[in-house]
Amino acid sequence: MVAARLRPLLRIVGAMSVIVGIVSVTFLVSRVFTADPVNLFVGNSATKEMRDQARKELGLADSLPVQYLHFLRGLLTGDLGKSYLTGRPVTADLITRMPATLELGLYAITLGVLMGVIVGVLAAVFRGSALDGVLRLLTTAGLSLPQFWVGLMLLWLFFVTLHVAPGPSGRMPAGMEAPPTITGLYVVDAVLQGDWATAMIAAKQLLLPVLTLSVGSFAPIARQVRSAMVESLDSDYVRTARAMGVSQTRVWFAYALKPGLLSVLTIAAGLVGWTLAGSVLVEGIFAWPGIGQLALTAIRSSDYPIVQGFVLYVAVLYVVIWALLEAVYTRVDPRLRS
Amino acid sequence: MITTPTPPVLDIQHLHKEFRLRGTGRDRVLTAVDEVSFTIHAGQTVALVGESGSGKSTIARCITRITEPTSGDVLVEGRSIIKMPSRKLIDIYRSLQMVFQDPNSSLDPRKTARATLDEPLRLHTSLTSHQREQRIRELLAEVDLSDHLIDRLPRQLSGGQRQRLGIARAMAVDPRIILLDEPTASLDVSVRGQIIRLLERLQENKGIAYLFISHDLGVVRRISDRVLVMYLGTIVEEGPTEEVFTHPVHPYTQSLLSAAPLVEVGRRRERVRLAGEIPSPVDLPAGCRLVGRCPVATTACATTEPSLLNVTGSHRAACPVALDMQQVPST
Amino acid sequence: MNASSDVVLDVKRLSGGFEDTDHQILPVLTDVTFSIRRGVSAAIVGESGSGKSITALSVLGLTPAGFSLTAGQIRFEGEDLLTMDPARRRKLSGRGLSMVFQDARAALNPVFTVGWQIADVVRIHQDVGRREARRRAEELLDRVRVPEPARRMKQYPHEFSGGMAQRAMLAMALACQPRLLILDEPTTGLDVTIQADILDLIADLKAASGMTTCLITHDLGVVAENCDQVVVMQQGCVRESGSCAQIINTPTDPYTKQLISDSRLVETS
Amino acid sequence: MATNVGPIYDPPSLAHPFGTDRLGDDILSRTMSAATLDVSITVAVVLLSVTVGTVWGSVAGFFGSWFDYLTMRILELLNAFPSLLLAMLVIAVAGPGLLNVVFVVALLPLPDYVRLARAEVRSKKNWQFAEAAKLVGRRPVGVLFAHLVPNSLRPLLTYASVNASQVAATVGALGFLGLGIQPGSAEWGSMISRGQDAILSGQWWVAGFPGLMIFLLAAAFHLISDAIADSRDQGGSW
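Chains as they are written, first to last, in the working numbering: chain P, 36 to 373; chain F, 4 to 334; chain U, 323 to 591; chain E, 0 to 237.
Hints are computed from structural coordinates only; laboratory data are not their basis. Hints are supplied without guarantee of correctness; some may be wrong.
Claimed, not checked - Below, simulated BS3-like cross-link-like pairs (lysine-lysine); rule was C-alpha separation at most 30 Å, straight line: (1) P/Lys293 / U/Lys476; (2) E/Lys124 / F/Lys114; (3) F/Lys86 / E/Lys124; (4) U/Lys413 / U/Lys476; (5) U/Lys334 / U/Lys413; (6) F/Lys91 / F/Lys114; (7) F/Lys91 / E/Lys124; (8) U/Lys476 / U/Lys528; (9) F/Lys209 / F/Lys91; (10) E/Lys123 / F/Lys86; (11) U/Lys528 / U/Lys334; (12) F/Lys209 / F/Lys114; (13) P/Lys293 / U/Lys413; (14) F/Lys209 / E/Lys123; (15) U/Lys413 / U/Lys528; (16) E/Lys123 / F/Lys91; (17) U/Lys579 / U/Lys334.
As the list claims (entries may be wrong) - For each label pair, taking beta carbons as the anchor points, the in silico distance ranges come out as: (18) E/Pro139 / P/Val367: 38 to 44 Å; (19) U/Gln346 / F/Val285: 53 to 59 Å; (20) P/Val55 / E/Val140: 32 to 38 Å; (21) U/Glu481 / F/Gly81: 45 to 51 Å; (22) P/Val55 / F/Val285: 16 to 22 Å; (23) E/Gly23 / U/Asp342: 56 to 62 Å; (24) E/Pro139 / F/Met328: 50 to 56 Å.
Stated by the list, open to error - Some chain E residues well away from chain F (every beta-carbon gap over 12 Å; in silico): (25) Val38; (26) Ala132; (27) Val135; (28) Ala145; (29) Ala218; (30) Leu222.
Cβ coordinates follow ideal geometry from the N, Cα and C atoms, glycine included.
One chain only, chain P, in its complex shape:
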């Protein structure tokens, strides 16, 4: 039996081993099951000497266990190796592209949560009504729409047909300068500089990809919020509150809303997962220079150091978010304390 005060430490060790496990699996898959990556680096027409030289440079000349050790040592120092394709350090590539993905994901999750909560609360409060029926259809649609297709259709409608949104040109229209970097989030940076025009332009670029990405998260949140709120509206404690003379609106927005909002946290981890997976597809469609696009290109061209970097990034993100959520959840939900 482990002493209780060691348990938090155990958790950290557990989290670390999850991360190491994941990168190790990826390492194994990418080194064992693939064609010789040296071809990528030097091209097919290279001589034997050039190949050996490249192999040495890429650290692929050693035996697999030695490569693995090198890899782990690099991991500790933040060195994830170099891209087979471009020769640039993976860590640098990830860091440059992180703000783009962060910007997209942040707005998409915010929008998704906002829409999801509003729809869920409305549906619960007016359950059984026509509005509830309409929202149910909307939510079912949201759950069933393939994200990449939504992106394409939005492009066709708003860019090609209506000309109200910019085309798939990334974070800024062609030829426009990005605002000076402060946080790396263009809109925020532009606003901080007082450059409202640039902020507007950057926001317009974000419009369609954010909308596309939020479709995937709003629907599950709406469902979750509605069911939690309905459950609490039907509960003994709401009936009791009514018997004690608490008004209907207060029952909705004080007694039943809190359990509904808390329920969002239960699916928050899934939310981050969907958004990440979605960003791989959506970034491709909108030429968004983020990590998702980087990963997609890397997978298509077997550029494994990049893939590995991406996997590590996601795993760390996941573990951190889980830990955060657990901390938040036990703080705000009294049932889980003690």
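Once you have looked at the hints, place chains F, U and E on chain P.
For chains F, U and E alone, coordinates are given in the frame of chain P:
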């Protein structure tokens, strides 16, 4: 005690069950059942009464080894079952059966009455399917369930009918003893009466022994020969039912009996009150468990755990203070 | 006996039921008629399916979805609740009449502290500020004999035992200062000693505040020891009503007789 | 694949109700022949995943101990893997193909099924009917598969139906990325990918109709799942 020629159908010796609780800080020990011993003879009904947390249900679960006891021994018709490998337990279940508290959850919701009764017959006997069908109908008749209910699912039966089916399932293998864990707790009073009468009739016809676990003192008084009163995992008083009900000695028994409402109009009886609520059975202190709530506790009570002492005949109580007061001729 | 102004609750020929899928009403209550005099401790007793709970919920206007009343009157202090202006009826709930339920732990909101919930009700019914409401809530917890009320205020329902939670519910009901308090199986599921404590507490609170109580229960023993007026219900109908002593000692209705003998577990033939 | 070769990028008309693509292939007939493929992949994936997940999860939940511990650790590992990426990676390595897609996509929801089955069995294992089954003479395996698993199927099937809609979308996404069955084959995802560039020049129908089909298939599975859930408790859970 005089040794009887045949061993008792059920002999519980120093049964002990602890649960370890993990938590912040050190692990703590919850003592659910603490060194409990008693015997039940053929055709006898022994009742185990107590409030929630007294450990009465845990005893039944330990006897059937649904839960593994921490120590002690359980002998069914003289055979110890504690060290028996679990695949041999099926032999024991031919003599020892159980009826569960909640007929809603003790029946598989996807199995009809026929399938429910067929299962023990198939697994315990070598009857042909034709014989089993006949036996199923006999069993239904024994518990006053009519034939047309045979293909019903539990949710298509009333609460009373479900409990009859639960009893029929326990009867299927002709056991010598049945553990009844709060068999009437979830039933209406009218149905409760019918189930009690059914149990009495079955006992009369077949000589089955019952261990009757209940918090319903009215039912216990009606059905049992002996009663064991439990508090926080120990027996605080035991004896012939009428004796215990009319002359309770232990302060806890007195409090329990005086709290139970009777269908009599008029002034409420004088209650023997205990302070506060039942404490948690975690990390029990030394001494008497009632200390702190007891109206007659002395300083000695806090240090030495009282053992069961004779009152009269087979009536025993674990309270030396109350016993001393009994010795003094009443004023 | 008494003038009609002494009647707090007067239910007349109340009928209702659940609507099935073909919009047919499956009757649950049929011509339910009884009245409760001011200051008594009344009881509605019956087995499951008797309609006792749905009768009480009808009085409060808290019947579950799908249930509707088809006929009858419910007069509270002379006014028919069913035809009353909804705004006025809302005002009456809590203040005029209030109700506590069987499973007190489920009847408290799991995500708010017990103190917050009681103080919220105090603020709805008494014109006081937040701080004063909390002080009164703590006082109420003390009145229902919850030990260490200040500490208990800050706890959540899951930290309360069943008996303590029921005390907290009573404190909340007292915050409303109702003239009629309906208690739906308030001690079912509690241990007998706790049940006796809670029933004693209810009797004391009633004596101190002068409110009328109506106990909904399946347990004739509880009725016999605690109530002075009884309504016996079975399958949606009132079988018999009258003073407790009369009904328990000299029942006239065959169902009541059977119920009494079943409760006492004595044989009748 | 039999296709009617017609004019290139013909908008929807009577002759080609869904229009034609850049090779002049009729989109309606391609969409229809893709339906068989997409639906069967989806069904195969869900069946595989639900079966393996139920057996694995219920055994872990029932017997506990080291097997359960190991299961939980594996689930944690799979959880932290971004699922679509995992699928892309494996297919990129193992190569496109029908079986590869089925196995990989079946792996994605597997943790959910394992977790669900495990939770169901754990919550029911102390139910009285499971304990009663022991006294009736059932061995543990009998208690598990004769009593507990049949009583745990409803939530699993409800989830399977929700999951089917996700699977349909994932298969589409893989096809869209060119990591599906065989690039260029009649499969909704790869059809959308073929129409991606045409979107910008205004030919919406090339990607539009196959995507609509994925949507309809996914929505159908959702409605089935609602129906399964509703059959238990009437009164609008959604």
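To see whether the hints hold, each was checked on the structure:
{"no.": "1", "hint": "P/Lys293 / U/Lys476", "result": "holds (18 Å)"}
{"no.": "2", "hint": "E/Lys124 / F/Lys114", "result": "holds (17 Å)"}
{"no.": "3", "hint": "F/Lys86 / E/Lys124", "result": "holds (23 Å)"}
{"no.": "4", "hint": "U/Lys413 / U/Lys476", "result": "holds (29 Å)"}
{"no.": "5", "hint": "U/Lys334 / U/Lys413", "result": "holds (22 Å)"}
{"no.": "6", "hint": "F/Lys91 / F/Lys114", "result": "holds (26 Å)"}
{"no.": "7", "hint": "F/Lys91 / E/Lys124", "result": "holds (21 Å)"}
{"no.": "8", "hint": "U/Lys476 / U/Lys528", "result": "holds (27 Å)"}
{"no.": "9", "hint": "F/Lys209 / F/Lys91", "result": "holds (25 Å)"}
{"no.": "10", "hint": "E/Lys123 / F/Lys86", "result": "holds (27 Å)"}
{"no.": "11", "hint": "U/Lys528 / U/Lys334", "result": "holds (26 Å)"}
{"no.": "12", "hint": "F/Lys209 / F/Lys114", "result": "holds (28 Å)"}
{"no.": "13", "hint": "P/Lys293 / U/Lys413", "result": "holds (25 Å)"}
{"no.": "14", "hint": "F/Lys209 / E/Lys123", "result": "violated (34 Å)"}
{"no.": "15", "hint": "U/Lys413 / U/Lys528", "result": "holds (22 Å)"}
{"no.": "16", "hint": "E/Lys123 / F/Lys91", "result": "holds (24 Å)"}
{"no.": "17", "hint": "U/Lys579 / U/Lys334", "result": "holds (25 Å)"}
{"no.": "18", "hint": "E/Pro139 / P/Val367: 38 to 44 Å", "result": "holds (40 Å)"}
{"no.": "19", "hint": "U/Gln346 / F/Val285: 53 to 59 Å", "result": "holds (54 Å)"}
{"no.": "20", "hint": "P/Val55 / E/Val140: 32 to 38 Å", "result": "holds (36 Å)"}
{"no.": "21", "hint": "U/Glu481 / F/Gly81: 45 to 51 Å", "result": "holds (48 Å)"}
{"no.": "22", "hint": "P/Val55 / F/Val285: 16 to 22 Å", "result": "violated (39 Å)"}
{"no.": "23", "hint": "E/Gly23 / U/Asp342: 56 to 62 Å", "result": "holds (59 Å)"}
{"no.": "24", "hint": "E/Pro139 / F/Met328: 50 to 56 Å", "result": "holds (52 Å)"}
{"no.": "25", "hint": "Val38", "result": "holds (30 Å)"}
{"no.": "26", "hint": "Ala132", "result": "violated (7 Å)"}
{"no.": "27", "hint": "Val135", "result": "violated (4 Å)"}
{"no.": "28", "hint": "Ala145", "result": "violated (8 Å)"}
{"no.": "29", "hint": "Ala218", "result": "holds (31 Å)"}
{"no.": "30", "hint": "Leu222", "result": "holds (25 Å)"}
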